[in-house]
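Okay, here's what each chain looks like letter by letter:
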Amino acid sequence: MAFLQIENVSKSFGSVEAVKDFNLNIEKGELVSFLGPSGCGKTTTLRMVAGFEMPTAGRIIMNGEDITNMPPNKRDVGMVFQSYALFPNMTVADNIGFGLKVMKKSAEEIKQRVKEMLTLINMPEYGDRYPYQLSGGQQQRVALARALALRPDVLLLDEPLSALDAKIRVSLRAEIRAIQQKLGITAIYVTHDQEEALSLSDRVVVMNSGCIEQVGSPFEIYNFPKTAFVANFVGTLNTATVEVEDPANNLLRMENLILKSAENLKEKKKGEQVLMSIRPERLSFASEQKKDNVLDCTIENITFLGSVVRIQVKLGNALFYMDTFNNPFLELPRLGDKTQVTCSKEAVLVLNP
Amino acid sequence: MKKINLWAWIILLIGVIYFFLPLIATLEFSMRMIKDRYTFEAYRVAFTDPKFFLNFGYSVLWALLTIFFSTILVVPTAYWVHWKLPKARPFVEFVTLMPFVVPAVVLTFGLIRLYGQPPIVLLGSPIPLIAGYIVLSLPYMFRAVDTGLRAIDVRTLTEAALSLGANWFTILTQVIFPNLRTAILSGVFLTFAIVMGEFTFASLLAWPAFGPYMEEIGSMRAYTPQALSVVSFLLTWASIGLLQWIGRGRGQEQVAGAH
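Residue numbers (the working numbering), protein chains in the order written: chain A, 1 to 353; chain B, 1 to 259.
In isolation and in its complexed conformation, chain A is listed as follows (with noise of 0.2 Å):
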């Protein structure tokens, strides 16, 4: 049995359906993202596990107990918010052993731990503290430790790193992993930022309007995303609608353009339309290496993003990225001039819609 599951769980408010029967088991030591847009419901989720909000139907079980009904201040669960939350009339130490005092632990014991806390995120020095005197990254960490302090058997992150500056987001989240992994403390991590998600999630939940999209481990959501919406939101992708050409050999039709695709199309009839879709790093100049599918393109736009270089080309009269290591070695095309690309079967997708 996993350690927590989510049943069948719904939650409406008024006649706004926020989550609808989301169903999801964690195993223990796991860390899963709820990744979505904004009003996907995976806060709403995440607070239906903290106790905050109580389901309309389904349940929650952790560690074997139904906590579906019980307060927030009975489950053992420990909670990272956005604004930090740290209380401004204690101290780092203070808030740190906050919950261990709630649970009249003796003073010595609450000393040790918070000693031990803030050891772990590196701040040993600032017990005596106010959260007006850190910075926000500081606050985020310290609001860390006092949530695992307690050592719960859950912990959530309701988009800790949002109100952060870009670089500190990126050295926090390899923190936190860090401490989730030493701790082997289970987590769910809420985000809207896919490249959050992806990097330090076992397992990425994508959540669109209240539903879930997809649930699979980053590599899966990023390179066989199920879904048109998983495909779109989750990295940059080339979309078309595409006519299917030979079923049996797995062949599609972009206007003149034929592709070959690992899919199976068995099941579809020729001239159905389907959406295929590319990653922009999966295409490359023919010239480069040769394979399954080589398509005359025109080059439309080049853009530098530093390590990459983007590339706009059209296919027919589509319009697809294509991404290409920056080699200051490599010549680039020009605008307007007429080439080649190439991309293997694989890397052909169908979605669903």
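Where hints are given, some of them may not hold.
To be verified - Partial chain A-side listing against chain B, Cβ under 8 Å, derived: (1) Leu46; (2) Met70; (3) Gly78; (4) Met79; (5) Phe81; (6) Phe87; (7) Pro88; (8) Ala93; (9) Gly99; (10) Leu150; (11) Phe285; (12) Thr324; (13) Asn326; (14) Pro328; (15) Phe329.
What the hints assert, rightly or not - Once the Cα atoms are required to be at most 35 Å apart in a straight line, the calculated DSBU-like pairs of lysine-lysine come out as: (16) A:Lys74 with B:Lys51; (17) B:Lys84 with A:Lys104; (18) A:Lys270 with A:Lys260; (19) A:Lys101 with B:Lys84; (20) B:Lys84 with A:Lys105; (21) A:Lys226 with A:Lys270; (22) A:Lys28 with A:Lys105; (23) A:Lys291 with A:Lys314; (24) A:Lys20 with B:Lys35; (25) B:Lys35 with A:Lys74; (26) A:Lys226 with A:Lys74; (27) A:Lys111 with A:Lys182.
As the list claims (entries may be wrong) - Some chain A residues well away from chain B (every beta-carbon gap over 12 Å; in silico): (28) Ala85; (29) Gly127; (30) Asp158.
Hints in this document: simulated from the structure, not taken from any laboratory. All C-beta atoms in this analysis are idealised placements derived from N, C-alpha and C, irrespective of residue type, glycine included.
We have chain A already, so just place chain B on it with the hints.
Relative to the frame of chain A, chain B by itself:
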């Protein structure tokens, strides 16, 4: 620009004259008890009257009781409204403004009619007086606490405390009250100042207090009531001064909780 500055100074001067002239006149008059000399004789007379300390003491007692009950009524209510019923806030705010709409004399007669006869007879006790004072202080107390609550992220702080196992009592006493210290103290000092100078409730409900005492002295003596007026003003200013002093430099804590 110079013209605007000049007008600003003129308006400020008119305001200062309008506010301070009656006070200076009262102070000056209170010091003329002995002919052709400025003395503090009227103050000496006032402070040596045993009834002064009795009435003043009662007023302090009423003020402290009002502050205590008002705080335990208003803070949890305002907190609950912010946390669970934000849509009810305009209604609660409207209710707290009632003392500005309903005159104190009407409120007092309402209390006398309601609690002066069975089934609930409370007129022999100071309960209607304290209840009346609580109503009277509601606009100040509620607004002060409400402003304090707006400055902190009540919802997230409460949820953070709940996720750490705290119950409602712990949240209120260890998280909400300490972060509202300045706001609550603002309400406390305003309430103190109002109750110390209040006349209608104490007079009509027949309880000793500083307000009715001043009125009584005023009908019998010329200089002592003026001295008491000055004392009353000083008391109010001391409350406001304390409020300013305590509120100074406390902003940082609340700002930190606000983002």
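Is it true that the CA of Lys226 of chain A sits at most 35 Å from the CA of Lys74 of chain A?
38 Å, violated
Is Lys74 of chain A within 35 Å of Lys51 of chain B, Cα to Cα?
57 Å, violated
Holds or violated: is there a CB of chain B closer than 8 Å to the CB of Ala93 of chain A?
Since the shortest Cβ distance to chain B is 14 Å, the answer is violated.
Hinted contact Phe285 of chain A with chain B - closest CB pair below 8 Å:
49 Å, violated
Hint validation: Phe329 of chain A versus chain B, beta carbon distance must be below 8 Å. Holds or violated?
With a minimum Cβ separation of about 48 Å from chain B (threshold 8 Å), the hint on Phe329 of chain A is violated.
Between Lys270 of chain A and Lys260 of chain A, is the straight-line Cα distance small enough, at 35 Å or below?
14 Å, holds
Would the least Cβ to Cβ distance between Ala85 of chain A and chain B come out above 12 Å?
Nearest chain B Cβ is 4 Å from Ala85 of chain A, so the label is violated.
If you take the shortest Cβ to Cβ gap from Pro88 of chain A to chain B, is it below 8 Å?
4 Å, holds
Return the status of the interface hint for Leu46 of chain A: holds when the least beta-carbon distance to chain B is below 8 Å, violated otherwise.
11 Å, violated
Are all C-beta atoms of chain B more than 12 Å from that of Gly127 of chain A?
17 Å, holds
Sort out whether Lys35 of chain B lies within 35 Å of Lys20 of chain A, counting only the CA atoms.
Not OK: Lys20 of chain A and Lys35 of chain B at ~88 Å, beyond 35 Å, violated.
With a cut-off of 8 Å on the beta carbons, see whether Met70 of chain A makes it to chain B.
At 12 Å from the nearest chain B Cβ, Met70 of chain A fails the 8 Å test, so the hint is violated.
Of the hints listed earlier, those the structure fails to meet are numbers 1, 2, 8, 11, 12, 13, 14, 15, 16, 24, 25, 26, 28 and 30, in rising order.
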